[in-house]
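Build out the structure end to end from the sequences listed, making use of the hints.
Chain residues, written in single-letter form:
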Amino acid sequence: MHKLLTDKPGEKAFLLGNEAIARGAIEAGLGFASTYPGTPSSEISANFFQISRESDLYFEYSTNEKVALEVAAAAANSGVRSMCIMKHVGVNVAADALMTLAYVGVRGGLVILTADDPFMFSSQNEQDNRYYGKLSGLPILEPSSGEEAKEMVDHAFDLSERLQEPVLLRTTTRINHSTSPVIFGKIRKPVTKGDFAKDPFNYVTVPAVSRKLHVKLLKNYETALELSNSSSYNFIEGNGSFGIICNGVSYNYVKDAVRDLDVENKIKILRIGFSHPMPNALIQKFLQGCQKALVVEEGEPYMEEAVKSAAQEKGFTNPINGKGPDLFSRLFEFDPGMVRAKIASYFGFAYAPAAPVDLTGIPDLPQRPPNLCAGCSHRAMFYAVNKAAEGIPNIRPTDIGCYTLGFLPPLSTGDFLICMGSSVGTGCGFSKATNKKVISYIGDSTFFHSGIPGLINAVFNNHDITLVILDNHTTAMTGHQPHPGVDMQELKLEGFNRVSIESVVKGIGVGHVAMIRPYNIKKSIAAIREALAYKGVSVVIAQQSCVLMDKSLKKLRGKPFCVSDRCKNHRNCINDLGCPAFYVEGSAVRINAALCTGCGVCAQICPEHAIVPVKD
Amino acid sequence: MNIKRLIIVAVGGQGNLLASKVLGEAACRQEIPVRMSEIHGMAQRGGVVESAMIFGDAQSTIISDGEADIMVGFEPLETLRAIKKCNSKSTVITSTSPLPPFTAAIGKGVYPDMESIKSMIRQRVGRLITLDANVLAKEAGSELSVNIVLLGALIAVDVLPVTADSVQEAIRETTKKSFAEINLKAFDLGRAAVKA
Ligand code: SF4
Ligand code: SF4
Chain X
1 MHKLLTDKPG
11 EKAFLLGNEA
21 IARGAIEAGL
31 GFASTYPGTP
41 SSEISANFFQ
51 ISRESDLYFE
61 YSTNEKVALE
71 VAAAAANSGV
81 RSMCIMKHVG
91 VNVAADALMT
101 LAYVGVRGGL
111 VILTADDPFM
121 FSSQNEQDNR
131 YYGKLSGLPI
141 LEPSSGEEAK
151 EMVDHAFDLS
161 ERLQEPVLLR
171 TTTRINHSTS
181 PVIFGKIRKP
191 VTKGDFAKDP
201 FNYVTVPAVS
211 RKLHVKLLKN
221 YETALELSNS
231 SSYNFIEGNG
241 SFGIICNGVS
251 YNYVKDAVRD
261 LDVENKIKIL
271 RIGFSHPMPN
281 ALIQKFLQGC
291 QKALVVEEGE
301 PYMEEAVKSA
311 AQEKGFTNPI
321 NGKGPDLFSR
331 LFEFDPGMVR
341 AKIASYFGFA
351 YAPAAPVDLT
361 GIPDLPQRPP
371 NLCAGCSHRA
381 MFYAVNKAAE
391 GIPNIRPTDI
401 GCYTLGFLPP
411 LSTGDFLICM
421 GSSVGTGCGF
431 SKATNKKVIS
441 YIGDSTFFHS
451 GIPGLINAVF
461 NNHDITLVIL
471 DNHTTAMTGH
481 QPHPGVDMQE
491 LKLEGFNRVS
501 IESVVKGIGV
511 GHVAMIRPYN
521 IKKSIAAIRE
531 ALAYKGVSVV
541 IAQQSCVLMD
551 KSLKKLRGKP
561 FCVSDRCKNH
571 RNCINDLGCP
581 AFYVEGSAVR
591 INAALCTGCG
601 VCAQICPEHA
611 IVPVKD
Chain E
1 MNIKRLIIVA
11 VGGQGNLLAS
21 KVLGEAACRQ
31 EIPVRMSEIH
41 GMAQRGGVVE
51 SAMIFGDAQS
61 TIISDGEADI
71 MVGFEPLETL
81 RAIKKCNSKS
91 TVITSTSPLP
101 PFTAAIGKGV
111 YPDMESIKSM
121 IRQRVGRLIT
131 LDANVLAKEA
141 GSELSVNIVL
151 LGALIAVDVL
161 PVTADSVQEA
171 IRETTKKSFA
181 EINLKAFDLG
191 RAAVKA
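So the protein sequences, as listed, match chains X and E.
First residue of the first sequence? That's 1 in this note's numbering, and the numbers climb one at a time after it.
First residue of the second sequence? That's 1 in this note's numbering, and the numbers climb one at a time after it.
It is worth saying that the hints were derived from the structure and are not from the lab.
Treat the hints with caution; some may be incorrect.
[Said to hold, decoys possible] For lysine-lysine, the following DSSO-like pairs were computed, each having C-alpha atoms within a straight-line distance of at most 27 Å:
id : chain 1 : residue 1 : chain 2 : residue 2
1  : X       : K551      : E       : K176
2  : X       : K554      : E       : K138
3  : X       : K523      : X       : K436
4  : E       : K138      : X       : K12
5  : X       : K8        : E       : K177
6  : E       : K21       : X       : K3
7  : E       : K21       : X       : K12
8  : E       : K138      : X       : K3
9  : X       : K266      : E       : K4
10 : E       : K176      : X       : K3
11 : E       : K21       : X       : K186
12 : X       : K285      : E       : K108
13 : E       : K177      : X       : K551
[What the hints assert, rightly or not] Taking beta-carbon pairs under 8 Å as the criterion, some of the chain X residues facing chain E (in silico):
id : residue
14 : F121
15 : R174
16 : H177
17 : T179
18 : P181
19 : Y253
20 : E300
21 : L327
22 : L331
23 : M338
24 : A350
25 : A354
26 : A355
27 : D358
28 : Q367
[Claimed, not checked] Stretch by stretch, here's where chain X covers chain E in the computed footprint (C-beta under 8 Å, at least three residues):
id : segment
29 : 161-171
30 : 185-193
Yeah, the Cβ is synthetic: ideal placement off N, Cα and C, and Gly gets one too.
So this is what it looks like as structure tokens:
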């Protein structure tokens, strides 16, 4: 049995934040879940996927976050408790659905999890999704720990059903990826099938209906505001004359700082866990008699703005600060030492900071950047594109996945990236606005996610671009989740169909389509050259499964290669390809047989044919 | 309870996350409050994996620069790189088996020599303990046990409130049966290396 299905209330488990969240949903009687994978949220859905194979839970990997939210919205409006999980930027994709779903509302509970990523450990931006609460009018809950997140999921479902609208549960990376002891509660029996009661004058959002629904949303907002003011997730601790208002992980840093500084009797804390609507009346009560207040929040001054406006309403004039050059930054994540130092300096507490060791005298150390795996087919493809495009002035928009790493030397291929699917759309723009050839890269999962509309655009508007689809039969970057192009039967998973990328591309009407095996370098170069010579939209589909996945499925068959004494030290293998299985011993190039997957790409590019399979 | 802060640094694939999980489970068995956080962005693609573990009544799950009481490095260069987490009193345990990053492996960067890595660390912290975890792991029966060897060394220095008994139980419970014996041996070898 899956460990998150353990029906032993009171039992303690050491759980990752994301596991605690998944468990919270199971305890709340979750019946339906959908997602598009994205770090730091991915383990929540990975657990749901496993759980759905052994319980009545319906779970799906949807093609993108917008589709995932639509799927979940329908389930919730059929009365089934549903959850939709995504990373922060995923909410941008889902935003169109979200904004009007806020008007329509739900019948069964719908919790939308947004996993924000301050510091951008694995994201392209660090946007603060609390503003989605303001933008949509929907409630937001924010936990400070995994244990609290588990409880909060349950509460979020109740809140959603009470208000008949979706609730946003906002986490940050340090909630999702922290582990702590969590106590299991009771599992409520899930309802997995409901019914949809037709009511078009409340469900079909033509202007006349939406005008009515917006009135309802604002009324709901008033109720949500009352609930926020009385919520047990918004609480005051201590009774000093200085105030600190904080949320999420910042609350932990504040608590530790107040104890470390030994100022428990001087500080009172307002922890905000129900952060949209902000609890205006509670904030005013808190500020009463507060000489000075500090707002501690990662990201934007979201709470600070609300606190200042609450103070203004009551005519409070004592200082309230948060973001500022000497205070907190809008950038990156906070840490306990930094929060402790700012609290000490803002309120004037004595404080001797920890002295980190002196780093002077330590030389620049060789970096250890992430690298495409040994034998990764993307490396082969990038090498082939580099060769095929030699002498042709070109621009190479890239996209989101492991293959983004191709922009690093030595392959150095990848010029522009803003979001999922952007390689195709931006490719269209570059092809018209410059005189250069455009070569866009996109992965298979990203192609299904949001590459297809761009490709249709390219065909319709007759752009001159070559799109290279790196089809490795999985969503590798986030942990090998399936996507519509994956052969699920091969993975022994029943009940799925398969969408062929080739048929989609051809169906769109792309004039030139080539299928290649990227490990065959000569043929790949020729195919890319041909595609580049084609005027109009051309697509090259490079098919080779992800080696890391093959390795974990024990499907790797290749024998390792080694460098024979024919080697004349040209080092093309290292300088142009850079497979991490290579190393230099003395001045000789060697291959680490334990890392080599036997893809044979280096052997094809060695001018001396010095790289040969290891003899048994 | 006295708060103790531990940083573990490793290279993707060295089993750092399993080691911290075992240690966390062991602490839970003893009812020691424990929290940890991990950053493993692209661990499987050769990057650095760092976990922070905090024992005692703290709520934070991360550790600021200069605030680690103890650090365990699975790879000497990464131990040195992460040294800013330590202060002049910290205890540092590092394996001395290098895993050169790709740039250094192909001669485009210089991997510092082991003696200078050791002395750069030793000069800056309270106590440095070195052991060749790869050799000990092989002796235990599997190169994959490097993580448990280092866990043994960590327990032997007695900085954390976690006992050897509870770690051994956690090893039995958390790691695969076929592997538990090797891991228990690895754990003992790691402990003995420090005590010697
Ligand atoms: S996980 Fe797969 S796609 Fe990603 S770098 Fe490794 S081999 Fe390439
Ligand atoms: S055959 Fe060459 S390119 Fe392929 S994994 Fe081995 S060393 Fe790397």
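Hint-by-hint comparison with the structure:
1. Between X:K551 and E:K176 the CA atoms are separated by roughly 19 Å; this keeps the pair inside 27 Å, and the hint holds.
2. About 23 Å separates the Cα atoms of X:K554 and E:K138, which keeps this hinted pair within 27 Å; it holds.
3. Distance check on the hinted pair: X:K523 and X:K436 sit about 24 Å apart at the alpha-carbon level, within 27 Å; holds.
4. Among the hinted pairs, E:K138 with X:K12 is inconsistent with the structure: their alpha-carbon atoms are about 35 Å apart, more than 27 Å.
5. Taking the CA atoms of X:K8 and E:K177, the gap is near 24 Å; set against the 27 Å cutoff, the hint holds.
6. Restraint check for E:K21 and X:K3: the C-alpha separation of about 15 Å stays at or below 27 Å, so the hint holds.
7. Taking the CA atoms of E:K21 and X:K12, the gap is about 15 Å. The hint holds against a cut of 27 Å.
8. Proposed proximity of E:K138 and X:K3 is contradicted: the alpha carbons are some 32 Å apart, above 27 Å.
9. Only pairs whose Cα atoms come within 27 Å are accepted, and X:K266 paired with E:K4 is accepted, the gap being roughly 26 Å.
10. Of the supplied pair hints, the one linking E:K176 and X:K3 holds, its CA atoms being roughly 16 Å apart against a limit of 27 Å.
11. Using a Cα cut-off of 27 Å, the hinted pair E:K21 and X:K186 holds, with the two alpha carbons roughly 25 Å apart.
12. In summary, the hint linking X:K285 to E:K108 is not supported, as the alpha carbons are separated by about 62 Å, beyond the 27 Å threshold.
13. Distance hint between E:K177 and X:K551 is fulfilled; the C-alpha atoms sit about 22 Å from each other, no more than 27 Å.
14. Restraint check, X:F121 versus chain E: the minimum CB separation of about 5 Å is within 8 Å; hint holds.
15. Hint status for X:R174: holds, given a least beta-carbon distance of 6 Å to chain E, under 8 Å.
16. For X:H177, the interface hint holds, the least distance from its beta-carbon to any beta-carbon of chain E being 6 Å, beneath 8 Å.
17. With a cut of 8 Å, the hint placing X:T179 at the interface with chain E holds, because the nearest CB-to-CB distance is about 5 Å.
18. Hint on X:P181 holds. Least Cβ distance to chain E is approximately 5 Å, under the 8 Å limit.
19. Checking X:Y253 against chain E by beta carbon gives a least distance of about 6 Å; that is within 8 Å, so the hint holds.
20. Given the 8 Å rule on beta carbons, the hint for X:E300 is violated: about 21 Å separates it from the nearest Cβ of chain E.
21. Evaluation of the X:L327 hint against chain E yields a violated restraint, the C-beta minimum of about 17 Å exceeding 8 Å.
22. Because the beta carbon of X:L331 sits about 16 Å from the nearest beta carbon in chain E, more than 8 Å, this interface hint is broken.
23. For X:M338, the shortest C-beta to C-beta distance to chain E is roughly 7 Å, which falls under 8 Å, so the interface hint holds.
24. Because the smallest distance between the Cβ of X:A350 and any Cβ of chain E comes to about 18 Å, over 8 Å, the interface hint for this residue is violated.
25. Contact between X:A354 and chain E, as hinted, is supported at the beta carbon level, the nearest pair being about 4 Å apart and thus within 8 Å.
26. Taking 8 Å as the C-beta contact cut-off toward chain E, the hint placing X:A355 at the interface holds, the least distance being around 6 Å.
27. The restraint placing X:D358 at the interface with chain E holds, with a minimum CB-CB distance near 7 Å, inside the 8 Å limit.
28. Contact between X:Q367 and chain E, as hinted, is supported at the beta carbon level, the nearest pair being about 6 Å apart and thus within 8 Å.
29. Only residues whose beta carbon comes within less than 8 Å of a beta carbon in chain X count, and the segment 161-171 of chain E has 0; fewer than three means the coverage is violated.
30. Three residues within the 8 Å Cβ limit are the bar, and the segment 185-193 of chain E against chain X gives 0, so the coverage statement is violated.
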